[in-house]
Amino acid sequence: MSKLVLKNVARRYGSFEVVAGFSLELVPGEFVSLLGPSGCGKTTTLRMIAGFAPPSSGTIEMDGQVISSPSTVVPPEKRRMSMIFQSYAIWPNMTVGENVAFGLQVRKLSRAEIDRRVDKILDVVQMRGLKGRYPAELSGGQQQRVALARAIVVEPEVLLLDEPLSNLDANLREEMRFEIRRLHDEFKITTVYVTHDQSEAMVTSDRIVVMNHGRIEQIDAPHRLYARPKSRFVAGFIGRTNFLEATREAGEVRFDGFSAAAGRVEGAETSGSLLYSLRPQAIGLAMARPNGGSLAVEAEIAGRSYLGEYWDYQVRPLAGARPLRVSTGPNAVFEIGSRVWLEIDPAAMVRVE
Amino acid sequence: MTVAAPALATPAASRRAFAFDSTWLIWIAIIAVLLFLVVSPFVYLVVTSFTAERTGEFTLSNYAAAYGRSRYVDALLNSLKLGASAAALAGLFAVPLAWAVARTDMPGRGLTRMLVLATFITPPYTGAVAWILLAGPNAGWLNRFYVFLTGAESGPFDIYSFPGLALVVALYSFPYIFIFTTAALELVSSEMEDAANILGAGAWRTMRRVTLPLALPAILGGLIICFLEAIALFGSPAMIAIPARFNVVTTQLFQFFGNPVRVEVAAAYAMPLLGVTILLILIQRLLTRRKGFVALTGKGGERRPIRLGRWRWAVFGYAMFVAALSVFLPYLFLLQAAFSKAWGRGFSLDNLSFRNLHFVLFEHATAAQSVINSFLYGAASATAVVILTLGVAYIVTRRLVPFGGALGFLCIAPFVIPGIVLAIGFYAAYAPPPLALYGTALILILAFTTRFLPIGYVNASAAIRSLNPEMEEAVRVLGGSRLTALRRVVAPLLKRNLLGAWLLIFIPATRELSAAIFLYGPNTKVASVMIFDMSEEGNFEYLAALALILQVLTLPLLWIGQKALGRDFMLRRSAT
Amino acid sequence: MKRWASLAAAAALFLAPAARADIKALAEAAKNEGEITWYVAHYTSEGAEDLGRGFTEMYGVKVNVVRTTAQVAYQRLLQDMKNNQTNCDVFSSTDVGHYVRLAAEGQFLKYTPETESKIVPAFRNFDPGGYYHTTSAGLIALTYNTSKVKPEEAPKKWQDLLDIKWKGKVSTGHPGFSGYVGTWVLMMKKLYGWEYFEKLEKNKPQIGRSINDTVTALNAGERLVAAGAEGSTLFSAARGNPLAVSYPTDGSVLIIAPSAIMKGTKHPNAAKLFMEYLYSVEAAKINAKHFAIPLRPEVPSPPGAKPVGEIKTIRPTVAEIDKGIPEVIEQWRDTFGN
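Residue numbers (the working numbering), protein chains in the order written: chain R, 12 to 364; chain E, 191 to 766; chain G, 2 to 339.
Here chain R stands alone, though its shape is the one from the complex:
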């Protein structure tokens, strides 16, 4: 039984479609990210799930009940969800303890019970000692934790997060990514997470919904999204890649500088021009010609950048015009201009639209 179902949800302003044809089903306890560049409609979708805005068409259901439709919207206060905002929205006029207790007070729990739960959750986020402080006295990371505690303590049906980490500095962001996933695993709350940062999405999510211009590009688990992107946008948005144009002629697929038998390359059934994505890490680089089943292409180092954890090489096949991007470990040093061999596994090339 799905926890949350969005059926063909759209949101329009006049003739402008911010979100269109959005369909998604979440199983209970699943962690799903909405990932995309700014303006792609992910926050709008999140706010529709929360009930802050009605859909222009389509429906949203939770536990089988319709909670949003163009004509009726169950107001946010009645949805039993929780949300974490980009600005955290911690109320400065209340202490940490009072902030966290708010939702429980609305649910009319006893004072003793409220205290118990608040203390427990503050332990979980490691903020117990700061219970009496005011938000103005807390750092960004601490405020973030208060927001998490406040949202989780009420045991929501669905937890919504709107780019919660974008106001933190890089180190804190990494730490909090894990924290959020850890809390999710501990409490098993169905979670929808909005972000523009692909590494955040990859670290935290069970599935990622990649969005662009209001539409869904692809929904998949992180590793599948990376390995088998379906569209050019997804391939380019997640990680780095090489886009290879190819044409199918007779039984071969011709790339710029090399070719492969059509049977070995996926999606080469149709004839005409095709586009493939090939990850830089999927290409081998060696001085000697590789033997094995993969394609061996003679090439020349056209450029290189050293990034500490890896080398980023521009390698041009001798028979071709444009160089390919290749990543190697930090110890594989090649000089510019030297002759090398590329090892390409045709199965690693993904056909994209």
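Hints are computed from structural coordinates only; laboratory data are not their basis.
Any given hint could be a false lead.
Unchecked claim - Covered, in the sense of this in silico footprint (three residues per stretch, anywhere, with C-beta under 8 Å from a C-beta of chain E), are these stretches of chain R:
#1 91-99
#2 113-121
Unchecked claim - A few chain E positions that, by computed beta-carbon distances, are all more than 12 Å from chain G:
#3 T249
#4 A278
#5 L410
#6 P495
#7 I496
#8 R497
#9 R666
#10 K685
Beta carbons are placed, not taken as given, at the ideal position from N, Cα and C, and that holds for glycine.
Starting from the structure of chain R, add chains E and G where the hints point.
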């Protein structure tokens, strides 16, 4: 990559150094002007209060005289009472309206804002005149209506009473609280409210536990400002309190300037007023500066208004009720009086007359001249304030001199000095020789300038802070002086803001009464003083005509302001 | 030619210090001076403006009419003097005490208008010293609103104002502002003692500032009876307002109000000319139009007003006014609260 060695063009450097020097002169001039305008009258005021009248030696007798009579002490207590009641009443008017306009889906929100603006540009003494027409105990229209309805002997409303004065003062100062409250409510990010909603709190609980507490310091600040306005008013208390037979500080000060002129006692008498004002301003600052109470405005998305449901029309009704008290009824009856032979005779065709307008415009030489004077002096002081405060704000924000904060403080300081006290200070400092500015237009313009420095400074300071200093640095790197940067980059960028500030000062300056009442001479009467004088003769028909003329002449200015700066440019408050 | 004329006029003035000058020469010199400033409490704004305009039409000299109540005019004058400035050329107050004091301090220019011989004898020679001269006369009487009060019911003597039936219905001015009111208060105190006002206070009168406030209060129907100025009341009645005068049987208070030229005046000729003008037939006609008592016998009393000769009038002496008004102002404040 090689880095080219910077070629220091020596001529440019020395040119810059020279320009720097002359710019310094300008800054020094500005500082001197500030001292002249703010420090000197204040010092004179304090010194005069300790000076014996004839001998000039130090004495405490002025204070003894000022507070020796119980009547004088009563006046001070009355002022404090008036301030408190007017502020409380104004809060009752303003806060629900502000909340309805800023946070709910009440119908007619735009209309309500317009009506608050109309109230804001009505001088309190005009409002007092209108309310005398409305609620004079025997002939007031409300009372007549009541008698007509109920057949009673007489109506229950008596404007010539303490509650009457408090009502009039509250009606024409509630816009201040409205402005403070809407500004605060708009600063509360909608995410704060969304966060409460999603945790289960409905509209009312959210308002109670999140929105109002966050806005409360600013609301209290607004109440304090209202209090200070109320105790510093002269016109409406003079018209209402005197027949009502009680005194407030301002009317009592007026008496000390009577027969004989006792500036020294007046100065001593004014000190507690000054003290109260300073104390309350400090409290207000403390309240609004509390850290963290200005919530971050996050992305927010659409701000969702609270749905009032059935209550929409009740709230709208309240808004229209307040507007009726401050705008509809007063203006209706002002119009009636302006166009009638004798206002008491009512709405009949044979009572209709254009004589009043004709008399005021064409026959009463001083009346027409006074309107011109008002606009001239208002324009002069607005211009002076804008230029001066732009300079000072620039000096302070860009830290051009040490102790720049003190300069900023001087600009804001006149805020704590009630207009009438400021006038006494100016009188003491500049009316007699050596400057002998008594009865000149200059002393009025100077007093107005000082009075409105705070508004100008707050605006200019916020505006300059919003500019990236790198733009001016770009000018200087290319060889221009700071003054060049100010003239050619800063001022043009801030054009609209400066225009707004100019209007924000010009419009109140044309109505200023308390600062003008002691400083005008026979040739420099302004419209506000003219209206006050006319009220002395009780000639309400002419009075109403003149007051309406003044209002009508303000409309084009408002229109310009709105075209340039948006519909609610007068109702927006820059951050303090 | 013009220059000779002004020189001749100046010479004439110089040679006749007690200043009886040829009006024509005076007019020429005045025109050169261009304007005068007139602090006046004697009339309503309208009346004062009318007089000023009349002067300008006759002689082409501008008049800056500064019309206020008497005490305010005096206050302004004192402020001017304190700042060593002479803004006022001609001072017309309704509080005789002002003149006594100012003359004693030598603040006036001695000048007796040539036309003084032509005015009603009763008003001549007010000040033997010749520094100030009567330029206006008026009466304070009982006034009432005719649409609400029948002539039979109207008060007939001053004591009637204390009648309980007029509680909340009485209107007066304020002696702290108006010279007329100050004089009236003094007169009542002289006749009936200060108890008169303690009793009046119980009737809760509406206290304005100028005595002309009573006209507005009655017109509006705000109050029904008043101690008002006969002149301004009748003037308003002539416009169609429901007002009438009841001449009190115990005496209407006669106010004789002088004018004087300030010593440091920058427009001496214009000021002198103005004093002459105030005694002219034209000025008297304007006065009559406003229901003030005309000073020239040629000009008849306005219709509806009883000629002065036919009414019982009372007035305090100059000495009494000088000493008494400041006193009663304080007493008033104590009794009425401000």
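Hint check:
Check on the region 91-99 of chain R: 7 of its residues sit with their Cβ under 8 Å from a Cβ of chain E, so the three-residue criterion for coverage holds. With 4 residues having a Cβ less than 8 Å from any Cβ of chain E, the region 113-121 of chain R passes the three-residue criterion, so the hint holds. With a minimum CB-CB distance of about 19 Å to chain G, T249 of chain E clears the 12 Å threshold, and the non-interface call stands. Under the 12 Å C-beta cut-off, the non-interface status given to A278 of chain E relative to chain G holds; the minimum distance is some 25 Å.
No Cβ of chain G approaches the Cβ of L410 of chain E within 12 Å, the least distance being about 33 Å, so the stated non-interface status holds. A cut-off of 12 Å between C-beta atoms confirms that P495 of chain E is not in contact with chain G; the least separation is 46 Å. At roughly 46 Å from the closest C-beta of chain G, the C-beta of I496 of chain E stays outside 12 Å, upholding its exclusion from the interface. With a minimum CB-CB distance of about 48 Å to chain G, R497 of chain E clears the 12 Å threshold, and the non-interface call stands.
Look at R666 of chain E: its CB is around 48 Å from the nearest CB on chain G, clear of 12 Å, so calling it non-interface holds up. For K685 of chain E, the requirement that its beta carbon stay farther than 12 Å from each beta carbon of chain G is met, with the minimum near 41 Å.
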